[in-house]
Amino acid sequence: MRRIIDKIPGAPPAAACYDRTVSRRRTVQGSIFISVSLLLVGVLLAFSLAVYDYASNIARERFSETLSSLSKSVLANLESQVGEMNRLGLTLVYSQVFQDLYMRHLALPRIPATEEELIGKLKNTEALIEICDTILGPNQAAPQLNVFDLRGEMIGSGFYSRIIERDVRREPWYPEVEAAGGESVLLPPHNDPLLEDSSVIVKGKRYISLLRSFQDSMRSTQGVIEVKQYCDTLFGELDSLCGPSASIFVVDSDGRLLYPYDGHRAAGGELLALSRKIAPGTIFTGSLPGRREPQVIAAAASKGLGWVVLMGEPAAGLSTSMMQYAVRIAAITLGAILCSLVASYFIARRLTVPIKALHAEIEGVDIGNLDEVSSGGRTKAPGEIESLRRAFHEMRLKLNDSIQEAVSLRAHEKEAQLVALQSQMNPHFIHNMLQTISIMAEEGETAPIQGLIANLAKVLRYASSTEDRSATLGMETEYASCYLAAMRARFGESLEFVVDVPEGMREIRVPRLIVQPFIENCFKYVTANRPPWRIELRGRAADGRWEIEILDNGPGFPPEALADIGERMVSRERGGAGMPPLSISGMGILNSYERFKLAFGSSSLFEIGNRAEGGARVCMGASNHG
Amino acid sequence: MADRKFTYAVAEDEERMRDYLSRKVGELDPNFHFVASAADGEEAVEIVERYIPDLLVTDIKMPVLDGLGLVGRIRDTNADMRILIVSGYSEFEYARRAIELGVDDYVLKPVDQDALRDTLRRIRIRLESSAGLVEREFGLNAIGAREEELVKAIKVFLQESYRQPYSLEKLASKFGCKTAYLLRLYNKITGSTPTQEVIKLRLEKAKRLLVGHPELEIKQIASAVGYQDPLYFSRIFKREVGQTPTGFRDSMRRA
Chain A
1 MRRIIDKIPG
11 APPAAACYDR
21 TVSRRRTVQG
31 SIFISVSLLL
41 VGVLLAFSLA
51 VYDYASNIAR
61 ERFSETLSSL
71 SKSVLANLES
81 QVGEMNRLGL
91 TLVYSQVFQD
101 LYMRHLALPR
111 IPATEEELIG
121 KLKNTEALIE
131 ICDTILGPNQ
141 AAPQLNVFDL
151 RGEMIGSGFY
161 SRIIERDVRR
171 EPWYPEVEAA
181 GGESVLLPPH
191 NDPLLEDSSV
201 IVKGKRYISL
211 LRSFQDSMRS
221 TQGVIEVKQY
231 CDTLFGELDS
241 LCGPSASIFV
251 VDSDGRLLYP
261 YDGHRAAGGE
271 LLALSRKIAP
281 GTIFTGSLPG
291 RREPQVIAAA
301 ASKGLGWVVL
311 MGEPAAGLST
321 SMMQYAVRIA
331 AITLGAILCS
341 LVASYFIARR
351 LTVPIKALHA
361 EIEGVDIGNL
371 DEVSSGGRTK
381 APGEIESLRR
391 AFHEMRLKLN
401 DSIQEAVSLR
411 AHEKEAQLVA
421 LQSQMNPHFI
431 HNMLQTISIM
441 AEEGETAPIQ
451 GLIANLAKVL
461 RYASSTEDRS
471 ATLGMETEYA
481 SCYLAAMRAR
491 FGESLEFVVD
501 VPEGMREIRV
511 PRLIVQPFIE
521 NCFKYVTANR
531 PPWRIELRGR
541 AADGRWEIEI
551 LDNGPGFPPE
561 ALADIGERMV
571 SRERGGAGMP
581 PLSISGMGIL
591 NSYERFKLAF
601 GSSSLFEIGN
611 RAEGGARVCM
621 GASNHG
Chain B
627 MADRKFTYAV
637 AEDEERMRDY
647 LSRKVGELDP
657 NFHFVASAAD
667 GEEAVEIVER
677 YIPDLLVTDI
687 KMPVLDGLGL
697 VGRIRDTNAD
707 MRILIVSGYS
717 EFEYARRAIE
727 LGVDDYVLKP
737 VDQDALRDTL
747 RRIRIRLESS
757 AGLVEREFGL
767 NAIGAREEEL
777 VKAIKVFLQE
787 SYRQPYSLEK
797 LASKFGCKTA
807 YLLRLYNKIT
817 GSTPTQEVIK
827 LRLEKAKRLL
837 VGHPELEIKQ
847 IASAVGYQDP
857 LYFSRIFKRE
867 VGQTPTGFRD
877 SMRRA
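Those protein sequence lines, which keep their order, are chains A and B. Residue numbers for the first sequence follow our numbering, beginning at 1 and rising by one. Residue numbers for the second sequence follow our numbering, beginning at 627 and rising by one.
So here's chain A without its partners, still in its complex pose:
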């Protein structure tokens, strides 16, 4: 890794490189935190907005409902009061007593000529006032009831109970009443100078009058009846019905302002126009006279009366309640967002703490502690990360194994070479060879000497070569043949050897110097017997497998040597460091065994033993494809 980086010109050192990458990227915890937070905040905001919208609609609806129903109830109240006034008038007009008295009144001369007539008129007038008072009742349903005749007299009842000269035809409202033809006509609030003077109780009062003409059976107008009611009575409850912030306007169909009646200068026509814009049961935001701030307005119209009630509440009232909603929702949302941030922080932490732990673990790994299994145990990590961690551990152990294997392979290769070199550079071997060459030279065997030297050179070159770590079976066979030929030059006919490895097997790749230790081992044992000594190296391939066999006709492995080798093989296979080799040849055998197992796996064949007919037998084999 470092070597690669070093090769890149100007590359920063590994650590710096790593740090930059980290700082440039967002950490996992950060990403999770940010994305989860954004998601939660978004959802919460959307939810809050929806709730706010819904709630504000409801609030608005409720507000408009309240306002509308309030205005309706105001109107109904007014209608019933006006209806009462109307009833008073009608009751009077249709009572037979009144009709008789009135007819008598009309029959009497306007200005009595005689005393008799005067007394009659007084009595009749008194009776008329009395009947009017009776209609008004003990509770005085209305403060004043006037009956106008068309002759210029008015009979008042109530606070002002007398007959006076008053020409109804000169009253400003008369044409209207005349035009109404018996229907009631309402007069907007006004003062009454007559009443003003009659009693302190009614001082400064304003009145609403209900006027109606009444006809005789010939349908000719006989007079006008006026029912007066205090504006205070009629509209008195309006103020108490609504809060102080509310504004109430009552306008009649002509755009005359009925309420407020105490000197309000509002333009009734505008209010009437405004009321037409407002559908029943809804509210409208606009301005109202006398109010600076925008108002929420509801309207109710009475068909019978032609009156319109406009009720306004400051729009601020609605927005205040909306604002309260909004504030409450905002507070809840904020709280939820905070909670969600905390939650997402912990979620991110919960996810990233194991990742960080894993990271720390990965960082802490070096070649020396690969096999240290971490404290392990169940962590709180989520399943995926836990399995990642486990996978990492397994990878680590596997890596360790393969490093161990590679190191072991390398070490064994070196060991094999060392063993081969030691046995070939062994003074005894060399001295004997030199002795042989010297004798051959003395006997003038030039060609055999050349052959022997060539063989020895090949043997030494092969054993000392560091070029290629793996070899082919052909190379191994060649090496063994050269070695055997060299030995044959020494021992002559005492030594017989057979090298028979089929051509087809020669390309099989095997660890280098794997056969030689067994050939040398043959010499170690076979020469203890009388010649002829026979050494065979045979190869066989069948059924997708190949094997090579090294045989001799010596005394075979001594039982204790076999036991020792077996024990060492088992101990090495268990992964132990292995006992120190007792001898070079023993070391060579174990070394070959191990490298063979490393190269071909545990399924490979490796047998060391003695033949039934005497002599040692070593056999190793594997399948053609690994």
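Quick caveat, the hints were computed from the structure, so don't treat them as lab data. Don't take every hint at face value.
As the list claims (entries may be wrong) - Derived DEER-like restraints, expressed as beta-carbon distance ranges:
| # | chain 1 | residue 1 | chain 2 | residue 2 | range |
| --- | --- | --- | --- | --- | --- |
| 1 | A | E613 | B | S849 | 12 to 20 Å |
| 2 | B | Q869 | A | L418 | 45 to 53 Å |
| 3 | A | E493 | B | G817 | 27 to 35 Å |
| 4 | B | S849 | A | E493 | 56 to 64 Å |
| 5 | B | E726 | A | E493 | 30 to 38 Å |
| 6 | A | V499 | B | R743 | 39 to 47 Å |
| 7 | B | Q869 | A | E443 | 20 to 28 Å |
| 8 | A | L418 | B | R880 | 53 to 61 Å |
| 9 | A | E613 | B | A721 | 34 to 42 Å |
| 10 | B | A721 | A | A542 | 29 to 37 Å |
| 11 | A | P555 | B | E866 | 51 to 59 Å |
Stated by the list, open to error - Below, computed lysine-lysine pairings styled on DSBU-like, alpha-carbon distance capped at 30 Å:
| # | chain 1 | residue 1 | chain 2 | residue 2 |
| --- | --- | --- | --- | --- |
| 12 | A | K458 | B | K687 |
| 13 | B | K631 | B | K826 |
| 14 | A | K524 | B | K864 |
| 15 | B | K826 | B | K781 |
| 16 | B | K833 | B | K781 |
| 17 | B | K800 | B | K831 |
| 18 | B | K845 | B | K864 |
| 19 | B | K826 | B | K864 |
| 20 | A | K303 | A | K356 |
| 21 | B | K796 | B | K781 |
| 22 | B | K781 | A | K524 |
| 23 | A | K524 | B | K845 |
Since we're looking at a predicted model, the values are computed, not measured. Glycine is no exception: its CB is placed at the ideal position from the N, C-alpha and C atoms.
Following the hints, position chain B against chain A.
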């Protein structure tokens, strides 16, 4: 006794080296006369007992019985025999053991001819100075009827029992005397050795069996005449007769 020749035998498992030493020692010092060579320690014991050479040139690493084992076996019987080791082993341990066993000299392979010549000269001088010492020691200069009777008895015994496993030590203990004495006495009187006598008896019998019983295998014949190892039998046969047992049988049949 300036013209007297000393005898020497060679024990060496490598054929080429064996032939070389067998020839070379006589060449380098004409005072030495080659008698026999052996390819392993056991055969070497036999030729030493048979020829009683003045000098044994031996290798260390040999089949069946190695050089040092060989020296241990024959030292007592042949106190005056000179022993020269020619070996590729230069380890101190071998040298030390060789000296303990009374080896005269130690020549390393590859053999330096000048060094070997010098060594042979030193050995010859020692041999010359000790000539006749053993004869005097065992009083072989004056042989009486008693000794002659003993040798006859031995001869008879050997004729009767040559098929049994043979060793000079057992023979000596049977006749109640030291092996060295028995060997020298027998040699003095007969000019031969008990071992040579046994070999002669065994091989004559073998020859008769080879010709007279063609159905017998070499192994059976070897066993019948007292050799447990047929390879060894074949080697002795070839050395003594000049032919392998099979070759002898074939040539006799043809004749």
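How the hints compare with the structure:
no.	hint	verdict
1	A:E613 <-> B:S849: 12 to 20 Å	holds, 19 Å
2	B:Q869 <-> A:L418: 45 to 53 Å	holds, 48 Å
3	A:E493 <-> B:G817: 27 to 35 Å	holds, 34 Å
4	B:S849 <-> A:E493: 56 to 64 Å	violated, 25 Å
5	B:E726 <-> A:E493: 30 to 38 Å	holds, 35 Å
6	A:V499 <-> B:R743: 39 to 47 Å	holds, 41 Å
7	B:Q869 <-> A:E443: 20 to 28 Å	holds, 25 Å
8	A:L418 <-> B:R880: 53 to 61 Å	holds, 57 Å
9	A:E613 <-> B:A721: 34 to 42 Å	holds, 39 Å
10	B:A721 <-> A:A542: 29 to 37 Å	violated, 52 Å
11	A:P555 <-> B:E866: 51 to 59 Å	violated, 27 Å
12	A:K458 <-> B:K687	holds, 26 Å
13	B:K631 <-> B:K826	holds, 25 Å
14	A:K524 <-> B:K864	holds, 27 Å
15	B:K826 <-> B:K781	holds, 12 Å
16	B:K833 <-> B:K781	holds, 20 Å
17	B:K800 <-> B:K831	holds, 24 Å
18	B:K845 <-> B:K864	holds, 15 Å
19	B:K826 <-> B:K864	holds, 13 Å
20	A:K303 <-> A:K356	violated, 80 Å
21	B:K796 <-> B:K781	holds, 14 Å
22	B:K781 <-> A:K524	violated, 42 Å
23	A:K524 <-> B:K845	holds, 27 Å
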